[in-house]
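Q: Take these sequences, add in the hints, and give me the full structure.
Protein chains: 2
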Amino acid sequence: MGRTLTYPKRSTNTVKRYGHRATYDIRAIHSIINTSQVLHVSFSPGPDEPFPATIPMIGQMGSFEYPSADLGEPLDCYIHGYVSARMMNIARDSEEGLPVCISAAKVDGLIMSLTPFSHSYNYRSAILHGYAKLVTDDEEKSWAMKLITDSVVPQRWDNSRTPPDKGELASTSILKVKIVTGSGKIRDGAVSDEKKDYQNEEVTNRVWTGVIPVHEVFGEPIPSPANKVKELPGYIRSYIDTSNQQNEQYAVSATNIELPKEEQH
Amino acid sequence: MGRTLTYPKRSTNTVKRYGHRATYDIRAIHSIINTSQVLHVSFSPGPDEPFPATIPMIGQMGSFEYPSADLGEPLDCYIHGYVSARMMNIARDSEEGLPVCISAAKVDGLIMSLTPFSHSYNYRSAILHGYAKLVTDDEEKSWAMKLITDSVVPQRWDNSRTPPDKGELASTSILKVKIVTGSGKIRDGAVSDEKKDYQNEEVTNRVWTGVIPVHEVFGEPIPSPANKVKELPGYIRSYIDTSNQQNEQYAVSATNIELPKEEQH
Numbered sequence: 356m357g358r359t360l361t362y363p364k365r366s367t368n369t370v371k372r373y374g375h376r377a378t379y380d381i382r383a384i385h386s387i388i389n390t391s392q393v394l395h396v397s398f399s400p401g402p403d404e405p406f407p408a409t410i411p412m413i414g415q416m417g418s419f420e421y422p423s424a425d426l427g428e429p430l431d432c433y434i435h436g437y438v439s440a441r442m443m444n445i446a447r448d449s450e451e452g453l454p455v456c457i458s459a460a461k462v463d464g465l466i467m468s469l470t471p472f473s474h475s476y477n478y479r480s481a482i483l484h485g486y487a488k489l490v491t492d493d494e495e496k497s498w499a500m501k502l503i504t505d506s507v508v509p510q511r512w513d514n515s516r517t518p519p520d521k522g523e524l525a526s527t528s529i530l531k532v533k534i535v536t537g538s539g540k541i542r543d544g545a546v547s548d549e550k551k552d553y554q555n556e557e558v559t560n561r562v563w564t565g566v567i568p569v570h571e572v573f574g575e576p577i578p579s580p581a582n583k584v585k586e587l588p589g590y591i592r593s594y595i596d597t598s599n600q601q602n603e604q605y606a607v608s609a610t611n612i613e614l615p616k617e618e619q620h
Numbered sequence: 356m357g358r359t360l361t362y363p364k365r366s367t368n369t370v371k372r373y374g375h376r377a378t379y380d381i382r383a384i385h386s387i388i389n390t391s392q393v394l395h396v397s398f399s400p401g402p403d404e405p406f407p408a409t410i411p412m413i414g415q416m417g418s419f420e421y422p423s424a425d426l427g428e429p430l431d432c433y434i435h436g437y438v439s440a441r442m443m444n445i446a447r448d449s450e451e452g453l454p455v456c457i458s459a460a461k462v463d464g465l466i467m468s469l470t471p472f473s474h475s476y477n478y479r480s481a482i483l484h485g486y487a488k489l490v491t492d493d494e495e496k497s498w499a500m501k502l503i504t505d506s507v508v509p510q511r512w513d514n515s516r517t518p519p520d521k522g523e524l525a526s527t528s529i530l531k532v533k534i535v536t537g538s539g540k541i542r543d544g545a546v547s548d549e550k551k552d553y554q555n556e557e558v559t560n561r562v563w564t565g566v567i568p569v570h571e572v573f574g575e576p577i578p579s580p581a582n583k584v585k586e587l588p589g590y591i592r593s594y595i596d597t598s599n600q601q602n603e604q605y606a607v608s609a610t611n612i613e614l615p616k617e618e619q620h
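Chains A and B, in that order, are what the protein sequence lines are.
Residues 356 to 620 in my numbering are what the first sequence lists, from first letter to last.
Residues 356 to 620 in my numbering are what the second sequence lists, from first letter to last.
Among the clues, some could well be false.
All copies of an identical chain are treated as equivalent in the list; a pair is satisfied when it fits inside any one copy or across any two copies.
[Unchecked claim] Derived DSS-like pairs (lysine-lysine); straight-line CA-CA distance at most 30 Å:
1. K488 <-> K364
2. K364 <-> K533
3. K364 <-> K551
4. K551 <-> K533
5. K521 <-> K551
Calculated directly from the structure, the hints in this document are not laboratory data.
A: Here it is as structure tokens:
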């Protein structure tokens, strides 16, 4: 772990509610972003439009200048998805780039307390604020495409038809977001009830309390009718198995409830 | 199904890319919102702040005036989560409410094509634009708390300590969003490659193609140490089992690939 860089606290990214759940640790925030399959990217479409625009995109933290930089260091967020004409125009017209807010959230469990007021989720969420610009350099674009492809399934880039040809490069838009600041919020643990409820036998005898763990699962891969590779490649199999196991383990361990011996993994 | 109301197409919600994947059908959009565990709610914090603010919240479509209205009818979005002082001030200062963008997205599968350029997700996403106001009427607030609680686990409201007392009602903030417009995007199906790749034997003999279904799973509920209800209640058990089965089935059927008989569910 070593270094413990944190994002600067500004009025816009400082967590005011349940401050003990907040994190400004760069590594924690980058990890949430990098393990999220979808990032919600918001921007203001202009002075005549009251509603922010939000677009679901795929993204990944990385450094083209220092590819060996790890998650605990300052990184850019490379995102891929449909870059609308609106978005493109604003990004081009402003010198520093388009101001965006990137948001990611994962639910790890449902907290079933005695009363709905004390219900909650176990979750991990993060936001980043930064300035987005289109990547124009072909080398950087190709590097970012590999970064993003391999974030979906590690090693997929080398195990598919690459590099992209000129037409593919030209019709792919990648945004590079220079991060200004960010914050994260992590809730784990079990139920937390108030005295008036946990001392009320009528209530405790009637209401089941506990945590329902939630996690994402990759199902059995389904080959396409045209697929000619008989066996599922090892890099896919091992990624699926490892992810499924890790995701389940996290959701269960986040409850902080000690399981009876025979139920432990 | 009967009625087929759609949201009006405005410049801000009209899907320009992959238009065939777009939907303006109210029922489809409301379904995506209602089955999402987290909604990303964005707003502009003010003229001096370039970045939109995004907050993960829990929400549900409903009508307090016409509680029997179904998903295919115009509904409000009730959301719960931390309503910051900033958010509250803006909502109060403007007559029509705080302009927000609500975004939800679900990944249903990873599309592994021959080349990264043709990779994709199966997914369902939706956005709503509307004006948010704090719910001040206690009866409506309590109704919305039940709506949202039961969206997490159906029947939980009646099976926990309710109604909320005065203090609980007072310290719960619920936003009601009057929807102006919305849109959705749904991608299903298998891989789609280009001729230059699927006619290239060197590529097709080497690259595995297919879909990796993705879905959310509820794990085995873990009772809290203080729980006194011996058996897991039926309404929780049946919700978990039904959801897990439906989520898995959707992810598999969205691939549109016919499975060999022995692998069919």
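Q: Each of the hints needs a verdict: does it hold here or not?
A: Verification of the supplied hints:
In this assembly of identical chains, K488 and K364 lie within 30 Å of each other by CA distance both inside one copy and across copies; the values are 24 Å within and 28 Å between. Taking the shortest Cα distances, K364 and K533 sit within 30 Å of each other inside one copy (17 Å), while across copies they are farther apart (33 Å). Taking identical chains as interchangeable, the C-alpha atoms of K364 and K551 are never at most 30 Å apart, the minima being 37 Å within one chain and 51 Å between chains. Proximity of K551 to K533 under the C-alpha cut-off of 30 Å is found in neither arrangement, the shortest distances being 49 Å within a copy and 36 Å between copies.
In this assembly of identical chains, the alpha carbons of K521 and K551 lie at most 30 Å apart only when taken from different copies (14 Å versus 68 Å within one copy).
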